[in-house]
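Colleague: For reference, the chains in residue letters:
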Amino acid sequence: MIESSKVHKILYGGDYNPEQWPEEIWKEDMRLFKLAHIDVVTLNVFSWAALQPDEITYDFSKLDKIMEYVKENGLKVCFATSTGAHPAWMARKYPDILRVEHNGMKRKFGARHNSCPNSPTYRKYSVALAAKLAERYKDYDNIVAWHISNEYGGECYCENCEKAFRVWLHKKYGTLDELNRVWNTSFWGHTFYDWDDVVLPDMRSEEFNWDGIRTNFQGISLDYRRFNSDSILDCYKLERDAVKEYTPDIPVTTNLMGFYPSLDYQKWAKEMDFISWDSYPSFGAETENNAMAHDLMRGLKGGKPFALMEQTPSVSNWHTYCALKRPGVMRLYSYQAAAHGADTIMFFQMRRSIGACEKYHGAVIDHVGNENTRVFREITALGEELTELSDTLLGARTPAEVAVVFDWDNWWATVLSAGPSRCINYYEEIYQYYKALLNLHIPMDFVGVDDDLSGYKVVMAPMLYMCKDGYDEKIRSFVKAGGTFLTSYFSGYVEDHDLVITGGYPGRLRDILGIWVEESDAIPAGDAGMKHTFAYKDVTYPAEVLCDLSHTEGAETLATYDNDFYAGMPVLTCNTFGSGKACYVATRSNQDFYRTFLTDIMKEAGVEPLAEGSDKVEITLRENKNGSFLFLLNPTDESQEVTLKKAGTDLLGGMTYQAGEKVVLPAKAVAIVQSR
Amino acid sequence: MIESSKVHKILYGGDYNPEQWPEEIWKEDMRLFKLAHIDVVTLNVFSWAALQPDEITYDFSKLDKIMEYVKENGLKVCFATSTGAHPAWMARKYPDILRVEHNGMKRKFGARHNSCPNSPTYRKYSVALAAKLAERYKDYDNIVAWHISNEYGGECYCENCEKAFRVWLHKKYGTLDELNRVWNTSFWGHTFYDWDDVVLPDMRSEEFNWDGIRTNFQGISLDYRRFNSDSILDCYKLERDAVKEYTPDIPVTTNLMGFYPSLDYQKWAKEMDFISWDSYPSFGAETENNAMAHDLMRGLKGGKPFALMEQTPSVSNWHTYCALKRPGVMRLYSYQAAAHGADTIMFFQMRRSIGACEKYHGAVIDHVGNENTRVFREITALGEELTELSDTLLGARTPAEVAVVFDWDNWWATVLSAGPSRCINYYEEIYQYYKALLNLHIPMDFVGVDDDLSGYKVVMAPMLYMCKDGYDEKIRSFVKAGGTFLTSYFSGYVEDHDLVITGGYPGRLRDILGIWVEESDAIPAGDAGMKHTFAYKDVTYPAEVLCDLSHTEGAETLATYDNDFYAGMPVLTCNTFGSGKACYVATRSNQDFYRTFLTDIMKEAGVEPLAEGSDKVEITLRENKNGSFLFLLNPTDESQEVTLKKAGTDLLGGMTYQAGEKVVLPAKAVAIVQSR
Amino acid sequence: MIESSKVHKILYGGDYNPEQWPEEIWKEDMRLFKLAHIDVVTLNVFSWAALQPDEITYDFSKLDKIMEYVKENGLKVCFATSTGAHPAWMARKYPDILRVEHNGMKRKFGARHNSCPNSPTYRKYSVALAAKLAERYKDYDNIVAWHISNEYGGECYCENCEKAFRVWLHKKYGTLDELNRVWNTSFWGHTFYDWDDVVLPDMRSEEFNWDGIRTNFQGISLDYRRFNSDSILDCYKLERDAVKEYTPDIPVTTNLMGFYPSLDYQKWAKEMDFISWDSYPSFGAETENNAMAHDLMRGLKGGKPFALMEQTPSVSNWHTYCALKRPGVMRLYSYQAAAHGADTIMFFQMRRSIGACEKYHGAVIDHVGNENTRVFREITALGEELTELSDTLLGARTPAEVAVVFDWDNWWATVLSAGPSRCINYYEEIYQYYKALLNLHIPMDFVGVDDDLSGYKVVMAPMLYMCKDGYDEKIRSFVKAGGTFLTSYFSGYVEDHDLVITGGYPGRLRDILGIWVEESDAIPAGDAGMKHTFAYKDVTYPAEVLCDLSHTEGAETLATYDNDFYAGMPVLTCNTFGSGKACYVATRSNQDFYRTFLTDIMKEAGVEPLAEGSDKVEITLRENKNGSFLFLLNPTDESQEVTLKKAGTDLLGGMTYQAGEKVVLPAKAVAIVQSR
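Protein chains in written order, with UniProt numbering: chain A, 1 to 676; chain B, 1 to 676; chain C, 1 to 676.
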């Protein structure tokens with residue numbers, strides 16, 4: 001959310017590139033923006049080459065014009081620093097800005113997100129540009145936010161990065177002895193006797209491709225990922241500091257990308273004034289995936305509203321099949337963002353470019369160039385609604401009694417693990433629990449391992465493979481104090497450096513869970529000859545991916561395996577620990593199971609659903625001084641019903657409902673029921 | 001066709017490599033060639049290393065012997081210049097002749113087609129060799145054609161090519177401003193301020209692999225393809241000019257490869273005296289694919305007869321499964337070439353080599369080394385037939401009232417497009433219409449965008465995505481004058497540089513077609529949940545790949561979608577325009593539809609089929625001063641029937657037929673019915 | 001088998017890495033080893049970095065301690081030289097030790113098996129280390145074997161290898177004329193005029209990836225494989241000679257890997273005192289695959305007992321799905337090794353490491369660190385059995401009347417062949433015949449082409465594509481003398497350099513087999529439309545992969561094709577030749593066929609099965625001065641029965657059986673019936 005004294009409604013707009021068009025088109029743009037109730041534009045995302053034609057020259061003349069023009073036309077500006085793609089001359093003159101790929105291939109000029117984060121040239125000139133922009137435009141009071149660079153990401157394996165990696169390691173570990181210890185280099189005789197012995201883990205050294213990228217040394221590969229995320233974060237921080245010098249009051253963000261594996265957004269969020277992100281769900285993907293990404297983004301800053309920085313109004317251009325967003329779907333996705341905490345709704349892009357790879361990406365203004373399109377009409381209708389909503393929803397928070405732990409280090413560690421199965425998938429595991437919660441209409445927060453747990457009744461940390469130093473103690477305290485903790489197979493194995501906690505799995509969680517996991521059996525995917533099951537409350541469910549062979553050490557067994565030599569061993573346990581309890585799901589099952597089991601868990605923990613009714617309706621709650629807002633979204637193609645617990649009025653349709661009354665939601669419909 | 005005063009029958013022979021064998025084998029070769037009625041051999045295809053053992057020495061002694069020997073034995077010669085593979089010493093001494101791959105990998109010596117087209121060394125020594133050959137052998141009156149190099153193709157991404165690309169661009173665009181305009185470099189801040197900023201589009205810069213090769217900048221990638229085709233063409237032209245100096249009257253060709261994506265053969269054909277090509281249909285491929293390639297090749301030089309330079313008599317060696325050509329199939333394919341315009345039938349290869357990768361490729365003389373093989377017997381039988389046909393068919397043309405537009409630039413642009421679907425496939429789209437025509441027994445010509453349309457009744461240009469400057473006007477005139485024009489979805493979007501024509505699709509074709517395409521929906525392949533259909537004359541057909549959402553602007557709607565939110569929108573339209581009409585097929589359908597629809601289109605346009613009867617029989621017509629020749633080919637394994645319109649005599653079987661009489665064609669049978 | 005005066009029972013132990021653990025753990029290790037009856041450990045596999053911290057320093061202090069400690073604890077030592085992975089400092093200082101990959105990518109430090117075999121640095125320092133170890137520890141009388149390096153393998157394409165390749169070629173071929181002849185370089189004008197023209201065959205030169213790696217020049221690629229195997233073998237020999245200088249009486253081995261394609265183990269075996277190998281069957285793989293690998297390993301040294309150097313007690317870490325070895329399976333696999341000739345049973349690894357890529361690989365001592373695991377209990381039980389078996393089985397040989405030819409050169413040549421089918425698979429072809437024999441309970445030996453055939457009644461050489469100079473004569477003599485020879489399609493095509501033997505396939509085997517193969521038809525895999533069959537003794541069997549079209553020249557036709565244009569042509573022939581006969585199977589069929597046909601062949605040749613009963617039980621025979629030992633293994637999950645021919649006593653269960661009595665084997669059970 002672009003939190004600012006200048007903002008009095010849900011901002012509505014998108015990426016605008018007038019520099020790609022002759023000025024006579026700008027006027028038409030303004031006419032169309034007004035028609036569609038657009039009030040904010042992201043400017044200057046890819047103008048570095050235009051602003052700095054050579055090493056010593058800066059030319060802001062066109063940007064001056066654009067800034068004046070949009071200001072005159074009453075538009076707010078989300079102001080980008082243009083450093084998402086470096087100029088061609090810079091690549092020619094200073095090849096250190098060019099990245100090296102995972103296979104050692106040195107890049108040439110081209111593409112975007114193309115700068116080495118440890119390039120001295122990149123750092124010098126990106127910061128210089130950000131500073132110049134801030135200095136020059138600091139007095140534009142319609143600038144509502146800084147948009148640093150664009151969709152940061154990727155990796156680089158160049159020599160500069162290698163040298164920086166050694167410095168980063170030296171700073172982190174102090175001595176080679178400690179480095180050798182945490183990386184367990186006595187294995188395969190990898191002992192380093194000099195910092196310069198360390199090389200980056202890539203296809204030339206420790207990583208290789210064998211049904212996906214693998215590594216010989218998890219510790220090295222894990223630290224590289226941390227280092228790379230930090231390196232790019234440093235680039236962000238340098239630009240942020242540069243603009244803050246001139247405009248300390250303009251909030252700063254950069255557009256994130258949901259569950260993006262390369263960057264530890266939880267670390268990044270600490271450096272951002274507010275979260276913004278770009279949402280591009282694939283056609284046909286379950287809407288719960290997108291909901292989960294919204295919740296992750298909201299959780300990065302403890303529930304503070306965020307901005308939907310980009311979404312397509314109609315199609316994307318890069319999918320295998322670029323299917324159209326059906327009528328109503330753009331609106332549905334826009335309100336889904338709001339339902340999960342967004343206070344800003346923006347598009348990529350305002351006007352379709354005529355050349356290069358995004359010319360068939362959807363836009364507010366299509367190639368036909370006028371307002372007479374289905375897409376424009378839908379955008380206009382939503383613009384009207386948002387205008388009517390005014391500031392009602394601004395700043396609303398989403399209360400939750402359930403927390404789900406998500407941790408980037410753990411994600412990396414699970415992906416990098418050699419064994420027990422290539423089907424180990426942290427995202428999928430989290431998603432199974434998330435989806436069940438959402439369909440049960442139970443609100444949740446994503447938390448990182450640094451976040452406080454004390455406000456929650458239930459904490460779920462499926463596949464907490466890496467239980468970092470001290471985190472077990474945080475869980476221990478939480479459970480002792482009466483909380484309900486839940487985790488699943490492949491948890492508690494390692495500490496922060498992916499070194500195994502010896503003495504029996506799940507390591508530091510063993511006493512809390514009251515179990516010992518002796519072995520784990522990988523279940524081949526799709527192998528008809530090896531169907532494993534278990535029964536919970538007389539219903540049989542599948543056991544997939546991994547089956548732990550465990551022994552209870554105080555925990556109660558709720559279900560056991562039906563098959564194989566481990567038939568009868570526990571698959572589902574709960575351990576009373578202090579005033580709380582700790583449950584363990586020793587395998588992957590299906591949604592039927594997760595919904596049943598979580599229903600029981602929540603009931604016992606005293607967590608209630610937001611409403612009763614169709615599990616296909618997405619329901620969330622937000623609250624601010626104007627009251628509480630129950631969002632009801634129907635992503636299906638059929639009508640759905642939900643029974644309200646409280647009376648209220650639909651902000652969109654105007655209907656008023658009594659407590660206990662049914663809301664009927666037609667296909668793709670949205671309701672925001674305000675109660676006071 | 002090797003058009004020469006020296007040629008009095010369909011030439012029959014193939015690639016002959018006596019230099020791989022001791023001389024005592026040559027005598028046996030001659031005996032076997034005579035048995036098989038072989039009268040032409042392609043010599044000297046891969047002898048560069050033998051002819052030029054080092055930088056200053058040339059040694060023609062063995063070639064002298066070979067040339068004398070084949071002349072004594074009454075054989076004509078298709079004389080290759082040997083530059084299809086450079087010598088090893090040259091690669092060691094001058095690495096500039098070695099190509100760089102798409103990923104930046106510099107090649108070493110090996111393989112063939114291995115020379116960088118912009119290598120100064122390659123150009124210098126390839127031309128020198130061609131000149132020396134021409135000078136030395138110019139008086140051999142049995143040389144019927146020059147065969148420059150061999151199967152030109154591939155790409156190079158070396159520094160020399162990069163520099164040459166900049167020169168090529170400078171020459172084409174004059175200024176950097178114009179370059180920046182046509183490549184739309186304001187997108188992603190790619191503006192070039194110096195010609196040296198330009199780098200080749202490859203994996204290191206703008207291209208990447210994501211369900212196939214993609215590019216960030218269509219304009220750059222498109223121009224690279226043009227440049228690369230031109231670069232290789234320059235190599236061809238340099239050799240051609242060198243031999244023409246000594247032998248101005250010997251026609252010059254190089255062996256093409258049908259629908260070969262890397263080279264713009266329409267541009268190449270202008271520099272060739274006659275077209276020759278190598279045909280290697282896969283086992284199990286529809287014979288219409290091969291027919292289409294023959295027609296494309298014939299169309300390159302306005303219908304002039306061409307040479308089938310290579311085909312295998314039995315098996316190829318590189319397919320995944322090298323299945324045998326069944327009995328009769330080699331003969332069938334040979335006559336298929338003739339049916340579509342070939343006056344020369346040649347094989348790769350005359351004698352199977354004993355080592356390296358083509359030793360299991362079929363040959364006239366197998367490893368067993370004698371005439372007692374099925375394959376040799378079939379070759380001999382065909383040789384006898386061709387001898388009996390004498391000069392009857394020579395020079396015959398194939399009259400047609402239907403033209404199908406094929407354009408290499410359009411092919412490249414569609415392949416490179418980011419969106420709307422990776423199933424966009426120009427070849428496949430053309431093939432659907434082509435196959436329907438062929439099965440309807442309607443003759444056609446392939447035309448390029450430079451070719452005249454005035455002689456045709458119907459012009460079909462499916463998926464004319466790139467409608468080049470002025471080409472709309474050519475179509476406009478054609479239709480106004482009474483012609484029937486037909487195109488399909490994904491047409492008219494861009495001009496020559498892949499820049500979108502704004503104002504509404506299909507751009508410059510909008511007035512001609514009388515429609516506006518507002519959106520296009522990509523249909524996921526094989527998605528059972530998303531079957532789209534439409535009905536034409538009460539029969540339901542599938543709508544696949546892409547469904548345009550369009551509005552008529554004067555055109556008549558012939559069919560509408562059955563499904564989805566665009567049910568009722570037009571899928572098939574025809575617009576009366578001037579004295580003609582312009583039809584549009586807004587989606588991909590199936591053969592049943594194309595056959596039905598084209599039957600109606602042709603009937604209305606007054607285009608008649610060559611004969612009635614089985615749609616599985618391939619029927620073509622050729623005409624010369626000896627009369628008209630109706631080719632009937634039955635590629636199936638069952639007997640088929642065709643009813644003749646005119647009386648005539650089968651040149652092969654000797655049977656005489658009356659008009660209206662049925663020809664019965666057994667499996668794999670061929671008839672050539674001559675009428676006068 | 002570790003044959004030594006120091007060995008009096010089947011050695012039992014595995015890889016032990018105490019250097020990865022604090023010394024206080026060592027004591028616990030010893031306690032647990034004793035519990036489990038462990039008596040041998042492989043030490044020092046990956047300690048190079050520890051032993052040689054820089055170029056001039058060697059530090060054996062920790063190894064001294066370890067050696068003392070294990071000696072004190074009564075353990076024997078399999079002593080590794082630690083050269084399987086070079087130290088990081090060496091890679092930094094001497095990049096020549098780093099390999100270059102197939103695509104030209106130069107490696108950096110990382111992984112293992114990472115040294116260029118032609119690196120002067122590697123050779124210098126690996127030999128130096130081996131010598132130092134031998135000198136220092138030569139008086140330890142508990143060293144039972146040298147374990148040189150570790151799992152040698154892989155390829156290198158660096159400049160040093162390229163230069164060494166030229167030297168190797170020069171030595172082998174003497175002249176460039178001969179090199180050009182054997183590589184058939186007149187093809188594609190590849191003639192070499194200087195040894196330095198030769199480059200390594202890789203992605204940069206002659207090889208490419210097209211449904212797998214292919215090559216343009218089979219001769220070059222074949223010689224590269226020979227050269228690479230020899231280069232690595234040279235490394236082994238240098239180390240072996242270094243240790244032999246100090247410890248001439250300690251047998252030397254290196255751990256092989258079964259059917260490992262990169263190294264010609266038949267050539268290697270000549271340099272090894274005994275064979276040892278690492279066996280890691282995939283979960284779900286047929287146990288016959290592993291049995292075949294054991295037999296191949298035993299065959300390398302003419303039947304001499306070998307060592308199972310590594311197997312996992314429970315799981316591996318690198319499989320896609322690391323399923324657990326079920327209860328009894330580790331024991332079953334251990335006895336399978338013994339059944340096929342092993343006198344040593346060892347594990348990787350003794351204690352699970354806590355970091356890096358093998359931390360989830362199974363171990364005797366798991367991360368829990370104690371004896372209370374299923375796996376440890378199974379290991380202990382086996383340890384007890386092996387202790388009880390004492391020296392009873394030591395040195396026992398496996399008599400056989402059937403030989404199966406396996407030849408690495410032939411393997412390489414078939415893999416590299418361009419045509420006739422990518423389904424040509426030498427391993428699979430051999431496996432079909434092997435599996436049928438094993439299931440028929442007929443013992444066999446693998447022989448190489450240098451091995452004597454005279455002791456066998458039947459010699460089988462399926463897919464003997466490369467019939468080397470003189471090998472036809474060996475077969476000819478064998479058959480003339482009354483032997484039965486059997487081969488299959490794609491045999492006899494080429495000589496040692498992959499040059500075709502002209503005059504008709506199967507070349508030099510034509511007279512022996514009494515057939516001429518005119519053509520071969522590749523059968524597309526899984527093509528329902530092309531099912532080929534033949535009938536043998538009234539039962540119909542499939543004909544797959546390749547169907548030869550052959551003519552008998554004296555042979556008797558036993559079966560003919562049912563389909564296609566070659567229906568009626570022979571598919572199964574036997575030729576009486578001298579006092580013996582030679583049979584030919586012209587296609588690939590299924591196990592039903594192979595079992596039926598081999599039953600007939602064996603009956604006629606007078607070869608008898610070891611026992612009657614379930615074909616699912618694996619049965620082998622070993623003999624020494626203590627009697628004969630019939631091994632019976634039941635890998636299935638059901639009980640199986642076998643009828644004994646001789647009376648005897650089960651060494652494991654203690655049961656005594658009469659001749660003709662049934663042995664009932666429960667699931668996973670093993671019996672060793674001793675008869676005298």
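Any given hint could be a false lead.
[Claimed, not checked] Heads up, simulated DSS-like pairs for lysine-lysine below, C-alpha to C-alpha not over 27 Å straight-line:
(1) B:237 <-> B:132
(2) C:106 <-> A:163
(3) A:93 <-> B:172
It should be emphasised that the hints constitute simulated quantities derived from the structure, not laboratory data. Quantities reported herein were computed from a predicted structural model and do not represent experimental measurements.
Colleague: What are the numbers of the hints the structure violates, in ascending order?
Modeller: none
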